Amino acid sequence: MRRGAALAALVLVPAALVGCSSDGDDPRTPAIENVASRVIVPAYEDAATSSTALAAATNAFCAQPSPSSLAKARVAWRTSRQAWARTEPFGFGPAAKRRSESFISAPADPGRIAQLLGATTPITATSLSASASSVRGFGAIEVVLFASAAPAAIATSRGCAYLSSATSAVTDDITQLRDDWTKDRDGGEPPFAVDLATEEKPKDAVDLIVGRNISIMERLVDRQLDPARGLENRAQRARTLGEGPAGNQAAVISQQLAAVRSAYTSEDGASLGDLFPEAASDVRQRLLDDLDAAITRAQKVKGALAADPVALTELYEASEKAEVTLTTEVVSALDITVGFSDSDGDGG
Amino acid sequence: MTAAEHARRVRAAARRPVDSASAVAFRVLFGAMVAVAAARFLINGWVAPLYLEPRFHFTYLGFGWVHPWPGAGMYLHFSAIVVLGMAVAFGFRYRRAAMLLFIAFTYVELLDRTWYLNHYYWVSVVCLALVFLPLHRGTRTVPAWVVWSLRGLVGMVYVFAAIAKLNPDWLLRGMPLALWLPQDADLPIIGPLVASPSVPLIASWATVAFELAVVPLLLIGRTRAVTYAVAVVFHVGTWIVLPEIGMFPMIMMASALVFFAPSWPRDVAARLRLTFRARAEVTRRPGFVDRIAPAAVAVMAFSMVVLPLRHLAYAGDVRWTDEGYRLSWRVMLTEKVGLARFEVVDTAGTRHAVNVDDYLTAPQKRAMAFQPDMILDVAHLIRDDYRSRGMGDVAVYADVMVSMNGRPARRLVDPNVDLAAVAADLGPKAWVLRS
Chain A
1 MRRGAALAAL VLVPAALVGC SSDGDDPRTP AIENVASRVI VPAYEDAATS
51 STALAAATNA FCAQPSPSSL AKARVAWRTS RQAWARTEPF GFGPAAKRRS
101 ESFISAPADP GRIAQLLGAT TPITATSLSA SASSVRGFGA IEVVLFASAA
151 PAAIATSRGC AYLSSATSAV TDDITQLRDD WTKDRDGGEP PFAVDLATEE
201 KPKDAVDLIV GRNISIMERL VDRQLDPARG LENRAQRART LGEGPAGNQA
251 AVISQQLAAV RSAYTSEDGA SLGDLFPEAA SDVRQRLLDD LDAAITRAQK
301 VKGALAADPV ALTELYEASE KAEVTLTTEV VSALDITVGF SDSDGDGG
Chain B
1001 MTAAEHARRV RAAARRPVDS ASAVAFRVLF GAMVAVAAAR FLINGWVAPL
1051 YLEPRFHFTY LGFGWVHPWP GAGMYLHFSA IVVLGMAVAF GFRYRRAAML
1101 LFIAFTYVEL LDRTWYLNHY YWVSVVCLAL VFLPLHRGTR TVPAWVVWSL
1151 RGLVGMVYVF AAIAKLNPDW LLRGMPLALW LPQDADLPII GPLVASPSVP
1201 LIASWATVAF ELAVVPLLLI GRTRAVTYAV AVVFHVGTWI VLPEIGMFPM
1251 IMMASALVFF APSWPRDVAA RLRLTFRARA EVTRRPGFVD RIAPAAVAVM
1301 AFSMVVLPLR HLAYAGDVRW TDEGYRLSWR VMLTEKVGLA RFEVVDTAGT
1351 RHAVNVDDYL TAPQKRAMAF QPDMILDVAH LIRDDYRSRG MGDVAVYADV
1401 MVSMNGRPAR RLVDPNVDLA AVAADLGPKA WVLRS
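Order-wise, the sequence lines are chains A and B.
Take the first sequence: its letters are residues 1 to 348, numbered as in our numbering.
Take the second sequence: its letters are residues 1001 to 1435, numbered as in our numbering.
Certain hints may be false.
[Claimed, not checked] Lysine-lysine pairs mimicking DSSO-like chemistry, simulated, CA-CA at most 27 angstroms apart:
{"id": "1", "chain 1": "B", "residue 1": "Lys1365", "chain 2": "A", "residue 2": "Lys97"}
{"id": "2", "chain 1": "A", "residue 1": "Lys321", "chain 2": "B", "residue 2": "Lys1365"}
{"id": "3", "chain 1": "B", "residue 1": "Lys1365", "chain 2": "A", "residue 2": "Lys201"}
{"id": "4", "chain 1": "A", "residue 1": "Lys203", "chain 2": "A", "residue 2": "Lys183"}
Hints listed in this document are in silico derivations from the structure and should not be mistaken for laboratory results.
Keep in mind that this is a model prediction, so the values were computed, not measured.
Just chain B, same shape as in the assembly (with noise of 0.2 angstroms):
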C-alpha cells in the first residue's frame, strides 16, 4: 500500500460517521463538572481570598495585562462559568457557549499561577475543543475523529503524567508517596496498610503501571470494562488517600466513559429499560468552524504533544528548575517545600531585609518559595515597590532553601545575583542553582 492509499484511508476512517452519544455524554458530563467545580469556588468561599484580597497577582508571562475584576465582578464571573458550563452540558447555544466558558474559564487561570492546576489546564484545554467538535444538540452522528480527539485529550492526561513519574525519586525512593502515604494512618480499614514502610513504593510502580496501561487496555474491548473498574478504583482510592486533589479524580473518571463504544450511553439506557424522547436529528450546513476543526484539532493536538517535552530544552531536572514543568501533567510527581528571603541593597549599598508577608499572601509565599520564575516575580515586585518610595535603582537578592522530596534542604537560587536586573523570559534561567 502506498502513502497516498494508507493516507486515503486514515481519513476515510476519521471521517466514518459514528454514533455520536459518547461525545455528547462527554460533553454533558464535562458541562456539569466545570459547571459544579465553579460553583464550589463561590460555595467554599475560595474567591475572595484567591483572587480579590492579595495586593499582587502572579500573572503568566505576556499576561500581565490580565487582572481580577472589581467589585463583585468575579462573583458575577465565577456565576458566569456555572451557567456557561450547564449550558454546555444542556448544549444551549453550545458553541458560542463553549466558546466563553473558555474565554472566562482561561481567564480565571491565567490571574494567578499560585493556583495552576494541571486539571484546570485541561479543563481549558477541552473547552478550546469543544468549541470546534460538532457536538450540538439533536447531533446524532459525529464523524470518528471527534471521538479519537476526546480520547485523545483525556489519553494524554495519563501517559505524559506515567512519562513524568520515570524518575529515581518515584521509582526507587517511592517519593513523594513515602511522605504523603504516612499522614492517612488514621483512615479507617486502609490507615494501617497505607502507612506500612513498604506500601509507597509498591503503590508508586502500581501508579507508573496503571497509568501506562491504562489507554491501550481501555482501547482493547475485551480488557475495556475491568481497566474501567481498575480506573475508578485508582481513583476513588488517590481521592481517599490524597483528598487534596479536588475534583480530579471526578473528573478523570467520568472523562475516561469516552473510551467505551461511541454508542455507549445508548446501550446503558437500553439495559436499563430507559427510554428516552428521542430529539429531532438536527441537520446544520457546515461553517467556517466546521471546515477548520480537524486542523484546529490537529494543532492542538500537537501542541500538547510538545509541551510536554519542552522541559528538554532546559538543562537540569525539571522538578528542580521547574523550567518547563507547567502545562505537562506532571501530576502528584513532587513534594517541595521551601524558604525564600529577599534583601534589597539600594544605591547607598545598604542592605534592607524585606518581609514578604507585606507584599504576598501566606498561600502565594509558600507557592513562591520553591518555584523560580515566581521567585523572579516577586523580586521585580520589591525592586518596583522600592523604585516607586524613591530609592532609585535598588539590587534585589533572593536566598532560597528548598527540600524537595525529603531531601535535606538545599539553595535553589544564586544569592549573589541581583534579580532586579534579570528579565523575565522563557529562556534557561543561569542564576537557578542546578545541582
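Extracted from the complex, chain A is given alone in its bound form (with noise of 0.2 angstroms):
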C-alpha cells in the first residue's frame, strides 16, 4: 500500500506540476521591460522629433535658401536618418505592421524622383505616400537635398514641394510609430511597449528582439557589406550599399550596431545581456566586443563609405565576426532558435 502510494506520488507529482499554470518570476520579463523603456521607446522617441527636426529646417532652408540654412538642412537630416538608424533594429510589432522599413529607409530611385520634379503635376505629402517606396523617406529626401551645393539649384518650387511633402511624410510615419510604442492604439489596445513587456511567454519576446537584430546583422553584413566589397566600380558599391549623395552609410551602420549593442548592456539595468546562461557568460562579452570592434571600424569611416574600398572591407570583417556571434553563439545562448539541434523535437 505504502509502496503504491509512493508510486503514485512519483508519477502524479510532475503530472501536477504541469497542470500548474505558468506565472512564476521569469527574468526575461525585468530585462524586455527595461530594453523597451531603456532603448527602444526613446530610440523612436529621438527619431520622431529629430524627424520633426528635420521638416522645420527643410522648410527654413525653403523660406530663406543659404549656403548656411542648406548646410542647417543637411545636418537635420544626417541627424535624423542616423536617429532613425538606431530604430531599425528593433523593426518588428508596429514597424512590421505599417512596413516602414519600406517606406521611410527603401533605397531610393534617383531617375523616378528626377521624372517626379521634372513633371507637372502636384507634389503632396498625400501624393508621395501614395507612391513606391524608392520615392519617399530618407533615401529620397537625401537625393533632393544633397543633388546640388547650389542652394538655389534645390529650393525651387517643385524641390521645395518635394522636400516638404517627404519629410511630412517621413514625420507622420514615424510619429505614428513613437505613439505605437508610447500610447494606447486603436481598439484600445495598450501601447506596444506595454504589450512587448507583459508578453505571455517572455521568450517570444525575446525571440522578437534578438531574431530582428540578427534580420539587421545579415542584411548589414550579407546583402550590402559583402557584396559591395567585391565591386571595382564607387557608383555600384554605393549602390549595393544603399549610400546616396551624403555619403553617410558608416555613421548609419554605426548607429545601426550600437542600438543592437544596446540591447545587451547593462548599464542601465538589466537587458538580454543578463539572460545569459552562466555556462555561455562569456558569449556576451564577446558580442559587445565584436560590436565595439564594428562600430570603432564604422566610426573611423570619414566620408562616403563606398569611397574607401579599404574601410569597406574592415567594416565587414569586423561586422561579420560580430553577425557570427550573434547568429549562432547568442542564439545557441539564449535558446532563440528551435533548441533542439539533433533535430529531436516536434513540438515547436
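The task is to assemble the complex, starting from two chains supplied on their own in separate frames and drawing on the hints.
Dropping the structure here:
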C-alpha cells in the first residue's frame, strides 16, 4: 500500500506540475521591460523629434535658401537618418505592421525622383505617401537635398514641394510609430511597449528582439557590405550599400550596430545580456567586443563608405565577426532557435 | 553444456508460448500514438509549411525520387496514416495495415532530412517489425521472442542514448543542458531549481545513469515497478522542461510497459475488476511472413546495433561532423547553431554571393547550417540552378561558422573547396574541418 502511494506520488507530482499555470518570476520580463523603456522607446522618441526638426529645417531652408540654411537642413537630415537607424534593429511589432522600413528607409530611385521633379502634377505628402517606396523616405529626401552645392538649384518650387512633402510623410510615419510604442493604440490596445513587456511568453519577446537584430546584421553584412566590397566601381558599391549622395552610410551602420549593442548591455539596468546562462557568460562579452570593434571601424570612416574600399573591407570583416557571434553563439545561449539541433523535437 | 545444447535451449526458450496481452497492448498503444502523431500534423497545420511550401527538399541519399504528393495529396496521405495507425491499434487487417503504415510513415520521413527525428525513425522501425510479428486480433499467445523483440526495440533507444552521452561535454560541462535548463527559470515551482548553475551537471549525470540502468532494472521483477515509475517521472520531467521534444516522452512511457510481465494488461484489468468480452481465439496457419519472421527480426536487430556504431568508421567527433549521426539514437545530445554563406564563382572568375533564402525555408536554412551533408546538397542545388540559367560549370564555395555546445563559433567546412565538384556519398567528407 505504502509502495503504491509512493509510486503514485512519483507519477502524479510531475503531472501536477504540468497542470500548474506558469506564473513564475521570469528573468526575461525585467530585461524586456528595461530594453523597451530604456532603449527602444527613447530611440523612437528621438527619431520622431529629429524628423520633426528635419521638416522644420527643410522648410526654413526653402523659406530662405542660403548655404547656411542648406547646411543646417543637411545636418538635420543626417541627424534624423541616424536617429532612425537606431530604431531599425527593433523594427518589429508596429514597424512590421506598418511596413515602415519600406516606406521610410528604402533605397531611393534617383531616376524616378527626377521624373517627379520634372513633371507638372502637384507634389503633396498624400501623393508621395501613395507612391513607391523608392521616391519617399530618407533616401528620396537625401537625393533632393544633396543634389547640388547651390542652394538655389535645390530650392526650386518643385524641389521645395518635394522636400516639404517627403519630410512631412516621414515625420508622420515615425510619429505614428512612436505613438504605437508609447500610447494606447486603436481598438483600445495598450502601447506596444507594454504589450512586449507583458507578453504571455516572455521568450517570444526575446525571440522577437534577437530575431530582428539578426535580420539587420544579415542585411548589413550579407546583402550590403559583402557584395559591395567585391565591386570595382564606386557607383555600384554605393548602390549596393544603399548609400546616397550624402555619403552617410558608415554613420548609419555605426548607429545600427550601437542600437543592437544597447540591447545586450546592462549599464542602465537589466538587458538581454543578463539572460545568458552561466555556462555561456563569456558569449555576451564576446558579442559586445565584436560590436565595439565594428562600431569603431564604422566611426573611423571619413566621408562616403563607397569611396573607401579598404575601410569597407575592414568594416565588413569586423561586422561579419559580430554577425557570426550573434547568429550562432547568442542564438544558442539564449535558446532563440527551435533548440534541438539534433532535431529531437516536434513540439515547436 | 555444449554449444549445440545451449543453442537448442535458447531456441526453445524463444519459441515458448507466452501471453500475448502485453505485445497486443504495445500494438494498440503504438498504433494509437502514430495516429495521434499524424493527426497533429493536420490539426496544427504543419503539412503545408513542412512539405508543400519548400521549393527544395533534402531527400536522403538514394531517395531523390521521393517527392511530396501534389495538391491535396499530402493531406490525404496524413489522413491515411491516421486511419492505418488506428487499423494497427485495432488489429484490423493487421499485417497489411502494418505494412502500409510502414510505407506511408517512412515515405514522409524520407521526404526531407530537415525534419528527421529519432523517435519518428523508431516509429518506422517498429512499423516494419510489426509486419513480421504475429499480433493479429484473436491471438492469445505468442512465442516469447516476439515480446523480447519489442523489449529490444525499446531498450536499444535507452542504451544507445546513454552511450552517446558518454562524452566530456555531457559529463564534465553539463552541456547542452547548461544552455537549455536556465531558459526554464520561469517554470512554476521547479523554475528556480532548473535554473541553478549546479543542476545541469547533476541532471546530465542523472540522465546517463537512468538511461544506462533503466533496461536492466526493468528486466528484474523486483525493481520493475519502481523503475517504471522513475521512467515516468523522467519522461514527464523532460516534457515539462523541454516541451519541444513533442511526443517522444509519451512514446517511451507507453512503450516501456512492454517490460512488464506478458500478462500485465490482464493482471491490471483483474485488479481493477474490469471484464472484457473474450474474443474467440483465431488459429492461423503460419504463412511465408511468419516463417521468415525470426530471421527478419534478427536482421533488423543486427542493423539496429550496427547503424549507431557506424560513426566509428569516420574520423573525428560525430557530434561535429555529423557523419553517422542520424539513425543512432543521439537524443538531445548537442546544441549546434550555424551560419552558412555560399558563393558562386562563374567561369569568368566573377564571384556572386548567394542568398540562401531564395532556395530554402527558414527552418531548412537553420537545419542545413550545421549539417555538412545538407550544406553539400545546397551547394549542388545552387550549382544546378546557375547551370540552368546558362552560367555553365560554376564553382560553389561555402563559408560555414558553427557554435557547438556553447563554444565560440568556428569553421565547419573548408571554404576553399569547390563543393559543386564534390560528390554526395557515404564516404568520409574530407572537406569537413575536424578540429
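How the hints compare with the structure:
1. A C-alpha spacing of about 25 angstroms is found between Lys1365 of chain B and Lys97 of chain A, which places the hinted pair at or below 27 angstroms, so the restraint holds.
2. A distance of roughly 20 angstroms separates the Cα atoms of Lys321 of chain A and Lys1365 of chain B; the hinted pair therefore holds under the 27 angstroms criterion.
3. About 25 angstroms separates the Cα atoms of Lys1365 of chain B and Lys201 of chain A, which keeps this hinted pair within 27 angstroms; it holds.
4. For a cut-off of 27 angstroms, the pair hint linking Lys203 of chain A to Lys183 of chain A stands: about 24 angstroms separates their Cα positions.
Consistency note: the structure conflicts with none of the earlier hints.
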